[in-house]
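> Each chain is listed here by its residues.
Number of protein chains: 2
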Amino acid sequence: MKATAVSTRKMKTMSAGELEAIEQEALRDYEEIKSRGMSLNMSRGIPCVEQLDLALGVLEALHARSEFANSNGDDCRNYGVWNGLLEMREIFSELLGVPADQIILGNNSSLQMMFDTISQGFTHGCGGHTPWCRQGEVKFLCPSPGYDRHFAVTEYFGIKMLPVPMLPTGPDMDMIEELCKDPSVKGCWCVPKYSNPTGVTYSDETVRRFARLHPAAPDFRIMWDNAYCVHDLTDEPAELLNIYDECVKEGTEDQVIIFASTSKISFPGAGVAALASSAKTIASLKGRTTVQTIGSDKLNQLRHVLFLHDADGVKSLMKGHRQILAPKFRIVLDALERELGGLGIARWSNPKGGYFVCLDVLEGCAKRVVGLCREAGVTLTDAGATYPYGNDPHDSNIRIAPSFPPQEELRDAMELLCVAIKLAAAEKLLAGRG
Amino acid sequence: MKATAVSTRKMKTMSAGELEAIEQEALRDYEEIKSRGMSLNMSRGIPCVEQLDLALGVLEALHARSEFANSNGDDCRNYGVWNGLLEMREIFSELLGVPADQIILGNNSSLQMMFDTISQGFTHGCGGHTPWCRQGEVKFLCPSPGYDRHFAVTEYFGIKMLPVPMLPTGPDMDMIEELCKDPSVKGCWCVPKYSNPTGVTYSDETVRRFARLHPAAPDFRIMWDNAYCVHDLTDEPAELLNIYDECVKEGTEDQVIIFASTSKISFPGAGVAALASSAKTIASLKGRTTVQTIGSDKLNQLRHVLFLHDADGVKSLMKGHRQILAPKFRIVLDALERELGGLGIARWSNPKGGYFVCLDVLEGCAKRVVGLCREAGVTLTDAGATYPYGNDPHDSNIRIAPSFPPQEELRDAMELLCVAIKLAAAEKLLAGRG
Chain X
1 MKATAVSTRK MKTMSAGELE AIEQEALRDY EEIKSRGMSL NMSRGIPCVE QLDLALGVLE
61 ALHARSEFAN SNGDDCRNYG VWNGLLEMRE IFSELLGVPA DQIILGNNSS LQMMFDTISQ
121 GFTHGCGGHT PWCRQGEVKF LCPSPGYDRH FAVTEYFGIK MLPVPMLPTG PDMDMIEELC
181 KDPSVKGCWC VPKYSNPTGV TYSDETVRRF ARLHPAAPDF RIMWDNAYCV HDLTDEPAEL
241 LNIYDECVKE GTEDQVIIFA STSKISFPGA GVAALASSAK TIASLKGRTT VQTIGSDKLN
301 QLRHVLFLHD ADGVKSLMKG HRQILAPKFR IVLDALEREL GGLGIARWSN PKGGYFVCLD
361 VLEGCAKRVV GLCREAGVTL TDAGATYPYG NDPHDSNIRI APSFPPQEEL RDAMELLCVA
421 IKLAAAEKLL AGRG
Chain Z
1 MKATAVSTRK MKTMSAGELE AIEQEALRDY EEIKSRGMSL NMSRGIPCVE QLDLALGVLE
61 ALHARSEFAN SNGDDCRNYG VWNGLLEMRE IFSELLGVPA DQIILGNNSS LQMMFDTISQ
121 GFTHGCGGHT PWCRQGEVKF LCPSPGYDRH FAVTEYFGIK MLPVPMLPTG PDMDMIEELC
181 KDPSVKGCWC VPKYSNPTGV TYSDETVRRF ARLHPAAPDF RIMWDNAYCV HDLTDEPAEL
241 LNIYDECVKE GTEDQVIIFA STSKISFPGA GVAALASSAK TIASLKGRTT VQTIGSDKLN
301 QLRHVLFLHD ADGVKSLMKG HRQILAPKFR IVLDALEREL GGLGIARWSN PKGGYFVCLD
361 VLEGCAKRVV GLCREAGVTL TDAGATYPYG NDPHDSNIRI APSFPPQEEL RDAMELLCVA
421 IKLAAAEKLL AGRG
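Top line first, the protein sequences correspond to chains X and Z.
FYI, in the UniProt record's numbering the residues of the first sequence are 1 to 434.
FYI, in the UniProt record's numbering the residues of the second sequence are 1 to 434.
Bound-form chain X, shown alone (with noise of 0.2 Å):
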């Protein structure tokens, strides 16, 4: 394929003669591409198999007799410890700023832990107050885009989701402030640092602005999903302020729920999950767990304590991710400013951790974007699926998740995006003159 020609004025001052030039040669540029049969799912935000060997020691961890014994002398293949491994509490606590014994592990899957504290709220209720079963229509805070998987869990349970936009700052704590007048409005979805999909980290006005929220429902909960706690792509990580302290200085500790995993940090399939809030919204839900199970797995939790051993080491193993991550995103990035920039039909974001790029095309263009991705082989995250109820207003959000596709691949499938998003832009904008 040969070099684009385009120029980098901006496409919506093109004549239409231009921009029917632009679409010829992307179209024969995407017709080319679509011919190499290209196949590759980059729809979600998978770690690549050179990640996961980085995390092959967990495996290698656990072999003689005498570790099965944990601090406490329970045998860790045996029932109990409902509240998990006290080591590996203490490995949390160091990343999340809460007390070992204000922390929960479970199993593998941080998104059930959320999907248990929903739905919680659902039977029983938070606090003690009315179960939201109870109540009528309840409403959920989504700042948008954000990540599907917490907006299926919401709308599961019939949770009407509001949009919330994300700021550079964070999500609209003005709107937010607002909404959260309504006493039907029950909690808020974050992911605060390099969030799903933005980049974004909330500012330490933020985070504050949610710890000094005093909503009028006494049972709304801060769903504060810090996905990517040590998940840095640069040598100027983003730092976020610890939501833990600024709630306790407000008196308002009750209200946050912080949830965290090992997902992206050893293995996606079998790491190890947390839940860290208050000591007295641990104990009520320690009643609830225990009726639900008779504890985790210790072993697995063992496993990660002997391979990672505390905070640095989870550090020590995430520069090893940054090493095998950081080349993709500029692969990603390049591409973008190479084949785009200057066009003024896309914007996207420059994340500084997390794992995705954010890439906002031309209204109404998204869909399309998509489409023809998807039929020259590579598969996207589904437009619109970053926004509740997969409605993207604007039809313009992409997610990019550059993780796992080799890098040779990641190349073509960013080559294929460029043009698509070229060829959906000519179009559009040729539709618009009409």
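Take these hints with a grain of salt, some might be off.
Copies of the same chain look alike in the list, so a pair counts if it fits in one copy or across any two.
Using 30 Å as the maximum straight-line C-alpha spacing, the simulated BS3-like pairs for lysine-lysine come out as follows [said to hold, decoys possible]:
no., residue 1, residue 2
1, 181, 34
2, 367, 286
3, 367, 181
4, 160, 286
5, 139, 181
Read the hints as simulated data drawn from the structure, not as lab findings.
Start from chain X and add chain Z according to the hints.
Positioned in the frame of chain X, the structure of chain Z alone reads:
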């Protein structure tokens, strides 16, 4: 302590003087045992260290890189495969007699899968019917004595529990068929093989009557907890009819949900749990499960596949468990026979498998016996725990869990238990003479 001097005459036929002599002797023996300062928790059916060691191979199974890919080519370390590894589902398929594609693997806890099933009925309903939480009072049938954790789950959701007597053939099916005419009765707990705690295996006729059940409630579910499906203790293992096959014959297969796990095959804290049901029920569960998690721990499933190989591997492993457990059951049964045989103050089961000996002492004596043992350092399952709401109407049932203590400690504990039973019986009978 000298050998007991009581005759084997039924204590109820004894004179007050004779009873007083027994009471005095039992009291002396009790004080002597108490002075030993025992400390033993026998409250739960927990495998002992020697049993856990049988499955050490699970931990050694995973090394070579090539083993991370399962037969579908998925990397077991990564996200995905919502229903779990096919190879592990095939092992459960052999054990449970349900097709592998109608099995969903969970993490380490079948209890958690049961909790989740009840939770689903409560919030979303079963088979497309109105959620239980919108139906007013709903009820569950609880064959009793039964498993306290089942009852705790039902109680947690505010579901009214109706006890149903256990007969030697399983639950009283006449009563179950009658109670099922009430459309607010939504399900029944079952431990069909080596039932907890009675040791009863449901007769073929009982299984068939469950399969033929046509409850008034269309959203009725049989919670078939086959926890002890391969847990034989003798050369004459009980044979349980395959409920799934029977339900298919009757067209009622959507009505039964089968649970099992390797908790008492490999590791209680790090085994693999499974749920099996009809294709229709599994399809409806897929919608829930894929919102809840991106998949269970496939590495742990792979470990189990590599160690167990197949159902024959499981059965061969279970022979090792039997070798360790059978002598402990012998100790319990011998002590009961030797110390209490013929006195008419206790009856007990002689189970062919499972984890418990089921003991019935004189009416009104179970709490006293358990209290006496606790005071002397041996914690038994709480009296009443085997009944809904912890309420044993006769205060007579005690669950003995012989698996965990070393043989010597078990002998001492049984000595204590028998003395406590005699003491409580003498007290009771003397009070009756009052």
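> Quick one: residue 181 to residue 34, C-alpha cut-off 30 Å, is that within a copy, between copies, both, or neither?
neither (52 Å within a copy, 62 Å between copies)
> At 30 Å max between alpha carbons, let me know whether residue 139 reaches residue 181 within a copy, between copies, both or neither.
within (12 Å within a copy, 38 Å between copies)
> When no copy is specified for residue 367 and residue 286, does a C-alpha distance of 30 Å or less occur within a copy, between copies, both, or neither?
between (44 Å within a copy, 27 Å between copies)
> I want to check one pair: residue 160 and residue 286. Are their C-alpha atoms no more than 30 Å apart within a copy, between two copies, both, or neither?
both (28 Å within a copy, 23 Å between copies)
> Could you figure out if residue 367 and residue 181 sit no more than 30 Å apart (CA to CA) within one copy, between two copies, both or neither?
Neither. Shortest intra-copy (35 Å) and inter-copy (53 Å) distances fail the 30 Å Cα cut-off.
Of the numbered hints stated above, those contradicted by the structure are hints 1, 3, listed in ascending order.
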